[in-house]
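Since chain A is already given, all that's left is putting chain B on it; use the hints.
2 protein chains.
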Amino acid sequence: MQTGSNSPCQGKLFAVGIGPGNALDRTVRAEKVIRSSDVVVGYHRYIEHINDLITHQEIIASGMARERHRCASAIDAALAGRTVSLVSSGDAGIYGMAGLALEMIRENDLHLDIEIVPGVSAAQAGAAALGAPLMLDYACVSLSDLLISWDEIDNRLKALAMADMVTVLYNPRSKKRTRQLQRAREIFLEFRPAQTLVGIVRNASLNNQNIIATSLTHMPLDKIDMRSLVIIGNSRTINIGQWMVTTRGYFDAII
Amino acid sequence: MQTGSNSPCQGKLFAVGIGPGNALDRTVRAEKVIRSSDVVVGYHRYIEHINDLITHQEIIASGMARERHRCASAIDAALAGRTVSLVSSGDAGIYGMAGLALEMIRENDLHLDIEIVPGVSAAQAGAAALGAPLMLDYACVSLSDLLISWDEIDNRLKALAMADMVTVLYNPRSKKRTRQLQRAREIFLEFRPAQTLVGIVRNASLNNQNIIATSLTHMPLDKIDMRSLVIIGNSRTINIGQWMVTTRGYFDAII
Chain A
2 MQTGSNSPCQ GKLFAVGIGP GNALDRTVRA EKVIRSSDVV VGYHRYIEHI NDLITHQEII
62 ASGMARERHR CASAIDAALA GRTVSLVSSG DAGIYGMAGL ALEMIRENDL HLDIEIVPGV
122 SAAQAGAAAL GAPLMLDYAC VSLSDLLISW DEIDNRLKAL AMADMVTVLY NPRSKKRTRQ
182 LQRAREIFLE FRPAQTLVGI VRNASLNNQN IIATSLTHMP LDKIDMRSLV IIGNSRTINI
242 GQWMVTTRGY FDAII
Chain B
2 MQTGSNSPCQ GKLFAVGIGP GNALDRTVRA EKVIRSSDVV VGYHRYIEHI NDLITHQEII
62 ASGMARERHR CASAIDAALA GRTVSLVSSG DAGIYGMAGL ALEMIRENDL HLDIEIVPGV
122 SAAQAGAAAL GAPLMLDYAC VSLSDLLISW DEIDNRLKAL AMADMVTVLY NPRSKKRTRQ
182 LQRAREIFLE FRPAQTLVGI VRNASLNNQN IIATSLTHMP LDKIDMRSLV IIGNSRTINI
242 GQWMVTTRGY FDAII
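Here the protein sequences line up with chains A and B, keeping their order. Quick note: to get my numbering, add 1 to the position in the first sequence (first position is 1). Quick note: to get my numbering, add 1 to the position in the second sequence (first position is 1).
Think of the hints as simulated: they come from the structure by calculation, not from any bench. Some hints could be false.
The list treats identical chains as one, so a pair stands whether inside a single copy or across any two.
What the hints assert, rightly or not - Dumping the calculated SDA-like pairs for lysine to any residue here, alpha-carbon to alpha-carbon at most 20 Å: (1) 33 - 53; (2) 13 - 25; (3) 13 - 216; (4) 177 - 112; (5) 159 - 235; (6) 159 - 227; (7) 13 - 241; (8) 13 - 242; (9) 224 - 180.
Only chain A is shown next, with the shape it has when bound in the complex (with noise of 0.2 Å):
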């Protein structure tokens, strides 16, 4: 990469989130700019959801893991005057591409027009084909314990799960992987009940979603992976026919 100076002649570098897969939940803006970009930057997987926008676009595939080797290649292109996306999956600002890409132009002193494109989330996705486990507060948390200490994630699973909140795991489980997500399970049975109840996506979106609705005790954890989603209820989360709901008490309070 490029460093300290910048070309005279800059372009820009879009962080586009591309939404959970399909095609119809991307929005319009990020259509707009992966059309009109010169150069598309993304893991592989990715760019085959959005190769319906692809007609000119030079573009820059690479396997799992080589984060940053897509976002040196992405700002690159940007500095010598191109017009850039970056694609993430679900929102770009959502444990996606657009924190990183914002840490390399910091570490590298660079100066360069940047813009971030919000997406519908993996978690949004996963909610919407579930019903509405997240109408009242909620919060997102990584298992992934390859940048973060465990004993961070660990104390934000005991906050969340005593405080009552609706949880939704990212990235819960992986071949390696596995330990993470039984301890999730743990902490949150010491907090809650075993009957509260768990809905798992996986392929959020995708003509292969498939959905599990069970809960904290009979949590299949073997049928999870990384392409699922497990959102954790809590003591307002209801089964309403096929539907997750976390009730707001609309029809508790008199208004």
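Same frame as chain A, now just chain B:
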């Protein structure tokens, strides 16, 4: 509202999130569903935001605090065989109408074809305008204690402040409700340093969008209203140029 039995020839109810207000931040699905509906129901300000999608649809618009009435109208129209969009700003499932619709369906023992259409939330639009403050784990809390007791909200704020969670405050302050935001700030000041970064976004995504980058001690409470969103950073939240970013530690970890 009709109760108990259902019409043999039912329509469909869509609970649609129209995003933060700007047409560019709507999803393709939301636009498609609204365009193909027979009836569109919503708060009159939100109906204005989707005026460009209205051609033939019957509009049922009403004022603030008429949520139950709007919801009943939407359900009635769907039970009468029509395709209905019940619109919320942001995401229909985050402080939106999806939950109320499902609660009302349960209350009246109805069976109705219903679909939730997610959208970019106010928190996401606000975060994108500020930079990338939601990059790590975060929580959303509404400071409105009309339906929920203040004790419950107070406990959640304490837990989040202690757990060093980035926290988004919805409905922070109205003309009548001013004490809640003061108290929220007090709670965070108990557990977090005074210089903790705070971002305030008013009218996120709209032409009159306004941003205030400040800190816990310097928050201008009197400039915050119901069209504002407050994002309180955590110990990893820093300024990078004009941006507010919660760093994930990419440059601390050896990866």
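Original post:
Between residue 224 and residue 180, at a C-alpha cutoff of 20 Å, which is it: within one copy, between copies, both, or neither?
Top reply: within (14 Å within a copy, 46 Å between copies)
Subject >> Homo-oligomer pair classification [residue 112, residue 177; C-alpha up to 20 Å] >> reply: neither (39 Å within a copy, 43 Å between copies)
Original post:
Within a copy, between copies, both or neither: where do residue 159 and residue 227 come within 20 Å Cα-Cα?
Top reply: neither (22 Å within a copy, 31 Å between copies)
Subject >> Intra/inter-copy verdict for residue 13 and residue 241 if alpha-carbon distance must be at most 20 Å >> reply: between (47 Å within a copy, 17 Å between copies)
**OP:** Classify it for me, residue 13 with residue 25: is the Cα-Cα distance of at most 20 Å met within a copy, between copies, both or neither?
**Re:** For residue 13 and residue 25, the Cα distance is within 20 Å only across copies (19 Å; inside one copy 26 Å).
Subject >> Alpha-carbon proximity between residue 13 and residue 242, which holds within one copy, between copies, both or neither at 20 Å >> reply: Between copies only: 16 Å across, 48 Å inside.
**OP:** Could you place residue 159 and residue 235 in one of the four classes (within, between, both, neither) given a Cα distance threshold of 20 Å?
**Re:** both (14 Å within a copy, 17 Å between copies)
Original post:
From the Cα coordinates, with 20 Å as the cut-off, is the pair residue 33 and residue 53 best called within, between, both, or neither?
Top reply: The answer is both: 12 Å in one copy and 18 Å across copies each meet 20 Å.
**OP:** Can you give me the call for residue 13 and residue 216, within, between, both or neither, at a CA distance of at most 20 Å?
**Re:** Neither, since 46 Å and 29 Å both go past 20 Å.
Checked against the numbered hints above, the structure violates hints 3, 4 and 6; every other hint is satisfied.
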